[in-house]
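Using the sequences plus the hints, can you model the full thing?
Residue numbers (our numbering), protein chains in the order written: chain A, 666 to 1089; chain B, 666 to 1089.
Think of the hints as simulated: they come from the structure by calculation, not from any bench.
One thing to keep in mind: the hints can contain errors.
Which copy? The list can't say, so a pair holds if one copy fits it or any two copies do.
Claimed, not checked - For lysine-lysine, the following DSS-like pairs were computed, each having C-alpha atoms within a straight-line distance of at most 25 angstroms:
1. K674 / K733
2. K788 / K671
3. K671 / K753
4. K848 / K702
5. K1010 / K1068
6. K1069 / K1008
7. K944 / K1069
Number of protein chains: 2
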Amino acid sequence: MGVDKKVIKLVPYNDALKRLASVFCNEAQKHEIVSVKDAFGRILAEDIFTNINVPENNISLVDGFALKHEDTSSASLERPVRLKVVGKLYPWSSPTDICISSGQACYVTCGAPIPEGANTVVKIENVISYDGEIGLKHKVKPWENICLAGEDIRAGTLIFRRGEFLRPQDIGVLAGLGIKKVKVFRKPRVAIISTGDEIFERSRRDPEIIANNYALIISGLISKIGGEPIISDIAPDDITEIKRKISDSLNKADIMVTIGGCSLGEKDFVPDAVNSLGKPGVILHGVMIKPGKVSGFGMINGKPIVMLPGLFASTLAGFYLIFVPTMCFYMGLSVDDLLPKLKAKIGQDKQADERPYHVFLPVSLRSSNEGLIAEPVMDGPASLSRFMKANGFILLPPRKGLKKEEFVTVTLFSNDELFRIMSA
Amino acid sequence: MGVDKKVIKLVPYNDALKRLASVFCNEAQKHEIVSVKDAFGRILAEDIFTNINVPENNISLVDGFALKHEDTSSASLERPVRLKVVGKLYPWSSPTDICISSGQACYVTCGAPIPEGANTVVKIENVISYDGEIGLKHKVKPWENICLAGEDIRAGTLIFRRGEFLRPQDIGVLAGLGIKKVKVFRKPRVAIISTGDEIFERSRRDPEIIANNYALIISGLISKIGGEPIISDIAPDDITEIKRKISDSLNKADIMVTIGGCSLGEKDFVPDAVNSLGKPGVILHGVMIKPGKVSGFGMINGKPIVMLPGLFASTLAGFYLIFVPTMCFYMGLSVDDLLPKLKAKIGQDKQADERPYHVFLPVSLRSSNEGLIAEPVMDGPASLSRFMKANGFILLPPRKGLKKEEFVTVTLFSNDELFRIMSA
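Structure representation (structure tokens):
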């Protein structure tokens, strides 16, 4: 029984990234205009400047009385100053609706404009109230309880930058500035194609079982970084079937990702399928990363396809080190823009790997009284259970070891990890 | 013109929390059963144990040949040991499909079970291949490249706890264990009712404008912590209209939250509306928190209603200090379960407040080379622009000051903040 040995030439990781980036450098970036209400969690594709002052007028920060502070200079406990209340202003009033003269005051609700002539506001609880008049027992300083026009945000200010992720409060700010629509990056549709006789057979035998659970994980992670995942049917280890699944996805997706079938075994048909479907086909296959070295990348008729290995530790390493940069470049972002990072102290020594590989080191984060501690959670074969304990990874450059207590940058698997970081 | 002064009695924050908790202590918790595929981002309402080993059999971690390690004891560069290849096993094969005797080997793909009789696996790249035979130039150790049954997860293990938030990889683990459905907390539907003539008038004048932008922020934050927000129409400062909006929401929502109209001005009708709609009405109005002291809480016909002040700094403080605990208690969780927290060093001294108030101190987080630094971003009147810079808050107990470099616990506004934490 003959078994052919295949060989791939491994490319240093930094070179692999350059090769990926160069594929997309001339691509038009994909944008769309959405209503501000629908922009939660989207990434801005434009800088945003405001053209109004916030607040538009000087406004009162309290419910109280607007008046001239000079009128209170003689106020005392024994001889309160009395002022005539000449009107009321509400937040939707105009400051020119009322003009205050000496000896007068105007009731202002919180957020109301300061009427012309007034230069301070006294809280309602600090006045004595008479019929149509108020009394003040204390001298008042100018501009008390007033927020000046433009004090919050001045017209012309750059308030959001291209590439920023929009949080709930950002949406409120945009809406508050009267901005109705924003330009955001289009969410790439990503087709996920699982391959492998094993999962194909399992799902055929019991259609209710979720045989391609790695696809489910990759799908969830893609949503978390702003893509729209589409889970495709499972392809068996058959080149015709793999080609058919990839062809189907070409029409539905912007980016494709395969799981499995890109190693060096006799049934690893994915690279051949990619090469036979269109030019240029496989651009990269084999990267000096550990694990995940058989990860690859290709282009079929202008659409990117990322090939991930089928063993989970390698699938995940390929996802973060090859797929995520691909999605960043596709969107016109920088390689690290989509993933949250935190600094932590490493919990134990980690010996340098001898080979010139970048090392994808999963770590579990623990919140101690003195900040975050990162504990390496695996350094061996694939294991779902150990990955459950991991919250992110450290990417070690070739031949870099770590000394206990050294500060490291941890890239979180997603921002959901915050719910799992344990307290000491 | 007469202006009535209203008075509320402020309750210490810890007492307010106890009062909230006691309202829900006899409530049945609300669960639902969902398909594992749909359980992303949901919170588990049950402990989950596995009843299978992962992997189920001893499996190969590589593409290679399973054999008896004893057969290789005499292998050398000059005289390779030759073994007869008697079959192939795939991941979906059974370990009893083939039985290895001395002098035999079996081709195994990555993930395939180890055939009976074999006790080690040699990688395909480390054998010489002949017609129907393989040659080995080196002695092989037992149990190389094999993952033992149950090595990843042993049957009977507690793998997830009640209250845990399900991340993408957790879904994959559940699916991989053959678990098809899980019990999760039902997402509470939360109606958000904005009140105020100002925003009512603005939205009437220009229906295209998003006048109730605070409602939009609160709505986004509610989604982030696992609720289903429903933004209601704006009510003007009119008790009949406010009652009508709250009544409408009673039918659609599990929890209600109002914004504005709960202060002490002449147009603050929300507490009266709550009291007139059902028993017991207002349970709490006025809390020793700064800002946000006029926040309140009530029950109308068994449904909780949280009253938030209308100035943004206070709205947000009331949201995190009163609304979020209400939602936790409603769901049967602990007060802090829904919000992510991180430790950080405070960037500057902060003087203690003299009054016995809990202080809600918004901070901006910055990732330095030595971990996170928290900088207080406001200590004065409301300002949307300053809140844009904040990523979370510190809750200071009464009369507690902070010394620069002291470690503090920062509660993030949501896990989205991770995308905004700046690098030094």
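Hint by hint, here is what the structure shows:
1. K674 / K733: Classified as neither; 81 angstroms inside a copy, 32 angstroms across copies.
2. K788 / K671: between (82 angstroms within a copy, 13 angstroms between copies)
3. K671 / K753: Cα proximity of K671 and K753: across copies only (18 angstroms, versus 85 angstroms in one copy).
4. K848 / K702: within (13 angstroms within a copy, 32 angstroms between copies)
5. K1010 / K1068: both (10 angstroms within a copy, 23 angstroms between copies)
6. K1069 / K1008: both (14 angstroms within a copy, 20 angstroms between copies)
7. K944 / K1069: neither (48 angstroms within a copy, 60 angstroms between copies)
In this structure, the earlier hints numbered 1, 7 are contradicted, and the remaining ones agree with it.
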